[in-house]
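A.B. asks: Here are the chains, one letter per residue:
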Amino acid sequence: MNQPDLIAQLQQGDEQAFTKLVEEWQDMVYNTALGIVQNEEDADDITQEVFIQVYQSISSFKGISKFSTWLYRITVSKALDHEKKKKRKKRFGFVQSLFNNQDEEILLPAVFDHPGVELEKKEKARELFNVLKNIPDKQRIAFTLHKLEGKSHQEVAEIMNTTLFAVESLISRAKANLKKELIKYYGTLKDTI
Amino acid sequence: MSNIENINKLAEEALSSVDSIKRATAKPFLLTRIHARMNKETVSLWEKAGWYISRPVVAFAGLCLILLINAAVIVSKNSSTQTTNVEQTTQASSDEFSYTVATIYDVYNNQP
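Top to bottom, those sequences are chains A and B. Counting in this note's numbering, the first sequence runs from 1 upward without gaps. Counting in this note's numbering, the second sequence runs from 1 upward without gaps.
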């Protein structure tokens, strides 16, 4: 079954079409979400949310953009929303801890290992993902889509609904900022050794 | 190799560590979990309403509204109490000094 037929069937509420859609796109949605939120449980949650939204709003898909572009947009927006919610919860938890006398467990920032990274590069990738959180959202999204999902600059531009020139600039600034952050990180590491 | 060059090299290595990255695969039984979640979400509309009300902006606006209503009630109560006080004082002084003109009926029919 080709993609337009699958979408047409899905718009008619066909359960089997939905099953096929999930099977076909689940890894792409999960990998994108994982690159943004850097947590496997959260990425799994987001993947579920994305497919539920697709099921509920497939009637609004008019086919102006590619289906994959539409799916990427939903995923990115859900992942960013999830991050915002998590940050809000963290802030609320911090305020609560100020008024709480009980000694509570101190949560250290989680270390993220992407399962797709080669074994010998795991440590370096961990450091990269750690500083990836420090760069602006747009740069991070462009970098993630390009590097982790292997999307071309043109495809990233379509997903982010911007121009090719803007994406090239975003990716170049992302790399520069990441390098700056990494140098800062390795610099402090040298000082402590 | 100098320290700066070494740090630069480490940064470059970290940047290129994701060059040949493979796509992560979703956890098994995703479809089952999606269906379970869809069924759960249809039931929990009240939870959504609760979540909306508990949002800081909404909660703060609600609190401000309650305080405003309280203030309005207190202000309106105070003004009506003042009017009652004036009326009571007038009544009391008229009773005290018998402002009302006594009629012949009152003089001859004094109650004990």
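No lab work stands behind these hints, which were simulated from the structure alone. Do not rely on the hints blindly, as some may be mistaken.
[As the list claims (entries may be wrong)] With the C-beta cut set under 10 angstroms, the calculated list includes, among others, these residues of chain A facing chain B:
| no. | residue |
| --- | --- |
| 1 | A43 |
| 2 | E49 |
| 3 | K87 |
| 4 | V111 |
| 5 | A125 |
For every residue, glycine included, the Cβ atom is placed at its ideal position computed from N, Cα and C.
A.B. asks: Looking back at the numbered hints, which does the structure fail to meet, lowest number first?
C.D. replies: 3 and 4
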